[in-house]
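There are 2 protein chains.
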Amino acid sequence: MGGDYGPSVIVPAAIVALGKRPELSIILVGDEAVLQEQLKKHPHDCSQRLSLRHASQKVEMDELPSAALRYKRDSSMRVAINLVKQGEAQACVSAGNTGALMATARFVLKTLPGVDRPAITTTLPSSIPGKAVRVLDLGANIDVAAQTLFQFAVMGSVLAQATDRVDKPKIGLLNVGEEEIKGNEQVKQTAILLNEHKELNYIGFVEGNDIFNATADVVVCDGFVGNVALKASEGTSRLVAHYLKAAFNGSIYGRLMKILVGPLLKNVKAKMDPASYNGASLVGLQGIVIKSHGSASSRAFANAIEEACLQIEHDVPQRIKNKVTQILQS
Amino acid sequence: MGGDYGPSVIVPAAIVALGKRPELSIILVGDEAVLQEQLKKHPHDCSQRLSLRHASQKVEMDELPSAALRYKRDSSMRVAINLVKQGEAQACVSAGNTGALMATARFVLKTLPGVDRPAITTTLPSSIPGKAVRVLDLGANIDVAAQTLFQFAVMGSVLAQATDRVDKPKIGLLNVGEEEIKGNEQVKQTAILLNEHKELNYIGFVEGNDIFNATADVVVCDGFVGNVALKASEGTSRLVAHYLKAAFNGSIYGRLMKILVGPLLKNVKAKMDPASYNGASLVGLQGIVIKSHGSASSRAFANAIEEACLQIEHDVPQRIKNKVTQILQS
Numbered sequence: 000m001g002g003d004y005g006p007s008v009i010v011p012a013a014i015v016a017l018g019k020r021p022e023l024s025i026i027l028v029g030d031e032a033v034l035q036e037q038l039k040k041h042p043h044d045c046s047q048r049l050s051l052r053h054a055s056q057k058v059e060m061d062e063l064p065s066a067a068l069r070y071k072r073d074s075s076m077r078v079a080i081n082l083v084k085q086g087e088a089q090a091c092v093s094a095g096n097t098g099a100l101m102a103t104a105r106f107v108l109k110t111l112p113g114v115d116r117p118a119i120t121t122t123l124p125s126s127i128p129g130k131a132v133r134v135l136d137l138g139a140n141i142d143v144a145a146q147t148l149f150q151f152a153v154m155g156s157v158l159a160q161a162t163d164r165v166d167k168p169k170i171g172l173l174n175v176g177e178e179e180i181k182g183n184e185q186v187k188q189t190a191i192l193l194n195e196h197k198e199l200n201y202i203g204f205v206e207g208n209d210i211f212n213a214t215a216d217v218v219v220c221d222g223f224v225g226n227v228a229l230k231a232s233e234g235t236s237r238l239v240a241h242y243l244k245a246a247f248n249g250s251i252y253g254r255l256m257k258i259l260v261g262p263l264l265k266n267v268k269a270k271m272d273p274a275s276y277n278g279a280s281l282v283g284l285q286g287i288v289i290k291s292h293g294s295a296s297s298r299a300f301a302n303a304i305e306e307a308c309l310q311i312e313h314d315v316p317q318r319i320k321n322k323v324t325q326i327l328q329s
Numbered sequence: 000m001g002g003d004y005g006p007s008v009i010v011p012a013a014i015v016a017l018g019k020r021p022e023l024s025i026i027l028v029g030d031e032a033v034l035q036e037q038l039k040k041h042p043h044d045c046s047q048r049l050s051l052r053h054a055s056q057k058v059e060m061d062e063l064p065s066a067a068l069r070y071k072r073d074s075s076m077r078v079a080i081n082l083v084k085q086g087e088a089q090a091c092v093s094a095g096n097t098g099a100l101m102a103t104a105r106f107v108l109k110t111l112p113g114v115d116r117p118a119i120t121t122t123l124p125s126s127i128p129g130k131a132v133r134v135l136d137l138g139a140n141i142d143v144a145a146q147t148l149f150q151f152a153v154m155g156s157v158l159a160q161a162t163d164r165v166d167k168p169k170i171g172l173l174n175v176g177e178e179e180i181k182g183n184e185q186v187k188q189t190a191i192l193l194n195e196h197k198e199l200n201y202i203g204f205v206e207g208n209d210i211f212n213a214t215a216d217v218v219v220c221d222g223f224v225g226n227v228a229l230k231a232s233e234g235t236s237r238l239v240a241h242y243l244k245a246a247f248n249g250s251i252y253g254r255l256m257k258i259l260v261g262p263l264l265k266n267v268k269a270k271m272d273p274a275s276y277n278g279a280s281l282v283g284l285q286g287i288v289i290k291s292h293g294s295a296s297s298r299a300f301a302n303a304i305e306e307a308c309l310q311i312e313h314d315v316p317q318r319i320k321n322k323v324t325q326i327l328q329s
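Chains as they are written, first to last, in numbering that gives the first Met the number 0: chain Y, 0 to 329; chain F, 0 to 329.
Simulated from the structure, these hints should not be mistaken for lab results. Hints should not be assumed to be uniformly reliable.
Stated by the list, open to error - If you anchor each label on the Cβ, the simulated ranges turn out as follows:
1. 7/Y with 321/F: 53 to 61 Å
2. 188/F with 203/Y: 30 to 38 Å
3. 188/Y with 59/F: 23 to 31 Å
4. 66/Y with 188/F: 21 to 29 Å
5. 70/Y with 144/F: 35 to 43 Å
Beta carbons are placed, not taken as given, at the ideal position from N, Cα and C, and that holds for glycine.
When you get a sec, could you build the whole thing from the sequences and use the hints?
Here is the structure:
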C-alpha cells in the first residue's frame with residue numbers, strides 16, 4: 000500500500016515480475032478490495048502464483064516510525080514483514096515510509112548476530128560501463144562507531160559479491176581527502192580496522208566524486224554523510240536536466256533540435272534516473288527487506304522485486320552472518 | 000605560484016581583472032623570473048597597477064599544511080598572506096593547496112573575535128535563475144560543535160547579504176530529513192541556537208537536494224558533510240557530461256547532432272562548471288583570503304579576484320565581526 004502510487008504501480012509490477020520468473024510466487028499485502036480492483040484492471044495468467052493477504056491499516060509516508068510501530072500493527076508493511084519472520088515469505092518488498100520500514104523490520108526480524116545496526120544500501124551509476132557502485136549507509140544510522148562502519152564494509156562486500164557479481168569487491172571509505180591524516184575520528188579508526196583484515200579488499204579513502212568513477216565497488220560512510228551525498232547527487236542530476244530543458248525550450252531552434260536529439264537525451268536520462276536502478280536494501284537483518292523508491296514506476300518496482308529474488312537466490316542474510324562470524328573469530 | 004597551471008593562468012587573469020576595475024592594483028607574489036616571463040607573454044597597459052614581490056619557495060599541492068607552515072616561510076602563499084597582515088594588500092587570492100592556505104591564513108591573520116574557527120565557503124548553482132546558494136563549511140572543519148555551526152550560519156548570512164546581494168538571507172541547516180526529530184546531536188543543538196536568534200532568517204532543515212533548488216540562500220553543515228556534498232555534486236555533473244558525450248559519440252547520427260546542438264550543450268556545461276563560479280572564500284579571519292579552484296582557467300581565476308574586490312568593497316571581515324559581536328551581546 001506504500002509509495003506515492005500504491006497498488007496502482009505495485010500490482011502491475013508484481014505481474015511483470017511473475018512473468019519474468021516462473022519459479023516466483025508473490026503475496027500482495029494490503030486492502031483486499033483495492034488489490035482485487037487493481038488485479039481486475041491488469042489482465043494476467045499467473046493467478047496461481049499470486050495471492051492476497053488482507054491488512055486493515057497502512058503506514059503514511061510522513062508517519063513517525065515510532066507511531067507506525069506502536070499503532071499500525073495491522074499495516075500492510077507490518078503484516079508483510081511478519082510473513083518473512085514466520086517463514087511464509089522469503090523477502091519483503093515495500094515502497095513505503097523508509098524510517099517506518101527500517102524500524103519495523105528491525106523490531107520484527109532483529110539484526111543478525113554480530114551486526115550492531117542494519118544499514119540501507121543501494122547502487123549508484125558510474126562512468127565505467129556496467130559497473131554500479133554500492134554505497135552504505137544511506138540514512139539509517141546517524142552517529143556510528145568505527146565498529147559499525149566496519150560492519151557496513153563487511154556487509155557491503157558480501158552484497159557486492161552476491162548480487163552485484165563483483166569477484167573481490169574493492170572497499171573504499173568515504174572521506175574528505177585521500178591523505179592518511181584527514182578525516183574524523185570514526186573514519187580513522189575504521190581505516191585501522193579495515194587494514195587489519197586482509198581478507199577484505201580495502202583500498203583506502205575515497206572522496207565524494209570517486210563514487211561516480213567506480214574507484215571502489217563498495218563505498219562506506221555513516222548514514223548522515225551517505226544520505227547527503229545521495230541527495231546532493233540526485234539534486235545535481237535534476238539541475239542538469241532542468242538546464243537542458245531550459246536550453247532546448249529557450250528558442251525555436253532549440254525546440255526543433257529537441258525533437259531530433261530527444262531519443263539520445265532520453266537514454267542519458269534513463270541512465271541517471273534513480274528509479275531505473277534496483278531498490279535499496281535493508282541489510283544486517285535476519286531476513287530480506289527491499290525498499291523501492293517511493294516514486295517508483297511499475298518497471299522500477301519490478302526491479303526491486305528482482306533484487307529481492309537475487310538476494311533470496313544468494314541467501315544474502317546467511318552469507319552476511321557467515322562472513323561476520325568468520326571475521327569476528329579471526 | 001599555486002594551482003595546476005600556476006603563473007601561466009594567474010598572470011593573464013590578473014591583467015583581465017585590472018582591465019575590468021580601474022581602481023584595482025595587484026601584487027603578483029612568486030618567482031620573479033617566472034612572473035616576468037609570463038608578463039612578457041601577455042601584453043598589457045596596466046603596469047603601473049601591477050607590481051611583483053619575489054618569493055623563493057612554493058607550497059606543493061600535496062604538501063602537508065603543517066610542513067608548509069614550518070618549512071615554507073618564504074613561499075608565495077605565505078608572503079601573500081603576510082602582505083594582508085601588514086596592510087600592504089587588502090586581500091589574498093590563491094589557487095594553491097587549500098589545507099596549507101587555511102593553516103597559513105589562520106596562523107598569520109588569526110580568527111576574528113568571537114569566531115572559533117574559520118570556514119571555507121562557495122556558492123553553488125541552483126534551478127532558480129540568478130540565484131546561487133552559499134554553502135559552508137566545505138572541508139576546513141571536520142568535527143564541529145553546535146556553537147561553531149551557529150557561527151558558520153552568521154558568517155554565511157553576512158556574506159550572502161554583502162556579496163551575493165540577498166536582502167534577508169534564508170539560512171537552512173543541512174540534515175537528513177526535515178522532521179524535527181532527525182539529525183545528529185550537533186545539528187539539533189544548532190537548530191536550537193538558530194531558533195533563539197530571531198534576527199537571523201533561519202528556515203529550518205534542508206536536505207542535500209534542496210541545495211540546488213535554492214530552498215535556502217545559505218546552507219550550513221560541517222566540513223566533512225559539505226565536502227562530500229560538493230564533491231558528490233561535481234562527480235554527478237561529470238557523470239552526466241560523460242553519458243552525454245557517449246550518447247552523441249556513439250553513432251554517426253549522434254555525431255551529426257552534436258554539431259547542431261553543440262552551442263546549447265556548451266551553455267549548460269558552463270552553468271554547471273565549478274570554475275565559472277567565483278572562488279571559494281576563507282571566512283572568519285582578520286583579513287580576506289580567496290581560494291580559486293586549483294584547475295581554474297584565467298577567466299575563473301579572474302572571477303576569484305572579482306570576489307576579493309567585492310569582499311573588500313563590503314568590508315566583509317568587519318561586517319562579520321560586527322554581526323558576531325552583536326549576536327554575542329544579544
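Results for each hint:
1. For residue 7/Y and residue 321/F, the Cβ-Cβ distance of about 57 Å falls inside the hinted range of 53 to 61 Å, so the restraint holds.
2. Our hint of 30 to 38 Å for residue 188/F and residue 203/Y holds, since their Cβ atoms are close to 33 Å apart.
3. Residue 188/Y and residue 59/F have their C-beta atoms about 29 Å apart, which keeps the hinted 23 to 31 Å range intact.
4. Checked against the hint of 21 to 29 Å, the C-beta distance between residue 66/Y and residue 188/F comes to roughly 25 Å, which is consistent with it.
5. With their beta carbons about 37 Å apart, residue 70/Y and residue 144/F fall inside the hinted range of 35 to 43 Å.
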